[in-house]
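A.B. asks: Full structure from sequences and hints, please.
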Amino acid sequence: MQIELVGGGTLQAPTADTTTKARSLVYGANFWTNAALCAPSKASVAAITQIDSGHKPTAAQIDLLIDAVKGLADGKTFLYMNREGRRYIKEIKYGKLSIAPGDTGFNTVVSDWDGIPVVLEESILSTETDVLD
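Under our numbering, think of the first position of the sequence shown as 129, with each following residue one higher.
Just so you know, nobody snuck in bad clues.
Okay, derived cross-link-like pairs now, DSSO-like style, lysine-lysine, Cα gap no bigger than 27 Å in a straight line: (1) 221 to 198; (2) 170 to 198; (3) 184 to 204; (4) 184 to 198; (5) 218 to 204; (6) 221 to 184; (7) 218 to 184; (8) 221 to 204; (9) 204 to 170; (10) 184 to 170; (11) 198 to 218.
Hints in this document: simulated from the structure, not taken from any laboratory. From a predicted model like this one, the values you see are computed outputs, not experimental measurements.
C.D. replies: Have a look at this one:
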């Protein structure tokens, strides 16, 4: 939201009563904002739900999730997950990782999946008990 003070923030004296020409001292401000309309579709959001230590996501599930939203590594697609979900995909990375003789670094940090950023979102609960499907 943008705000602009009328008269640079000084007192103004507009005519309050057109009959008596009485005036009152006031401060004025103009407010404006830009709004957008979001028209989501089935290809806007997808989720893998009911994840726990006995039901970990697989690489194929994550790829299907990305395909469900027609995701690309274009800066418009993101994978949101909590710490538990991120830990599970680190396990996938560790299990699938291969190191060539020229590689000097090894870590299990996951910052993206096929170029799509992984965003840590603390509001996604690991203790969700309701079925979301």
